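Colleague: One-letter residues, chain by chain:
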Amino acid sequence: DAGVIQSPRHEVTEMGQEVTLRCKPISGHNSLFWYRQTMMRGLELLIYFNNNVPIDDSGMPEDRFSAKMPNASFSTLKIQPSEPRDSAVYFCASREGSGIGSPLHFGNGTRLTVT
Amino acid sequence: DQQVKQNSPSLSVQEGRISILNCDYTNSMFDYFLWYKKYPAEGPTFLISISSIKDKNEDGRFTVFLNKSAKHLSLHIVPSQPGDSAVYFCAASAISGGYQKVTFGTGTKLQVIP
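These protein sequence lines map, in sequence, to chains V and H. Our numbering numbers the first residue of the first sequence as 1 and each following residue consecutively. Our numbering numbers the first residue of the second sequence as 1001 and each following residue consecutively.
In short, the hints are calculated from the structure, not lab data. Since the structure is predicted, the reported quantities are computational estimates derived from the model, not experimental observations. Where is the CB? At the ideal position from N, CA and C, for every residue including glycine. Any given hint might turn out to be false.
[To be verified] Which stretches of chain H does chain V cover? Using the computed rule of at least three CB atoms under 8 Å from a CB of chain V, they are: (1) 1046-1055; (2) 1076-1087; (3) 1103-1109.
[Said to hold, decoys possible] Chain V regions said to be covered by chain H (calculated; three or more residues, Cβ under 8 Å): (4) 38-47; (5) 50-63; (6) 75-81.
Assemble the whole structure, with the sequences as input and the hints as a guide.
Modeller: Take a look at the structure:
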């Protein structure tokens, strides 16, 4: 079990550039989450997919953020255009089932720095 | 609107002593609570959980207590070990839009001093 795989681990980009973060969930997990970690707000849920369908995107900050899940083994989070305030660590997590008590399995995150 | 609050950003404890990490929540609809541990440059990993119908759950050195009337839970680690040094996130889940939505706190950084 390779766990949740995120790429890249680090991304440094200039303001205004497009950034794409990638995630491969654990095989067999049908739920996928994107979280953002900041000092002020901790882990914020950005978007949740179930069976590849976006269910809750109420946490997406604004239209500059978009996420897709074209199949069960791949998801992307895109920021276009990026801004310095987007600098944070972005985590992808997957879960088997959607029932109560099923823990989330996190990837190691992508540290994004926008200058 | 922070529904899950960890008011202590950091905590230092001597090795062998008890570590107590606290968490408060505001949403009475939360029905399951979890603690995650996070080491630097890694993602959070699940540690222990508790259902809202219980007031205590124990797993080895880790015990979680839930006080529903006070909307408060705590994680006890005893005895604390240097390897426990990490950031601990409190999380709570509730049905939202037909799925179990998990809301996290801001984390508490625990340092266990040898």
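Colleague: Look at each hint and say if it fits the structure.
Modeller: For each hint, the structure was consulted:
1. 1046-1055: It holds, with 3 qualifying residues against the three required.
2. 1076-1087: Three-residue rule not met by the stretch 1076-1087 of chain H, so violated; n is 0.
3. 1103-1109: Since three or more residues must qualify, the claim that chain V covers the stretch 1103-1109 of chain H holds, with 5 doing so at under 8 Å.
4. 38-47: holds (count 7)
5. 50-63: holds (count 3)
6. 75-81: violated (count 0)
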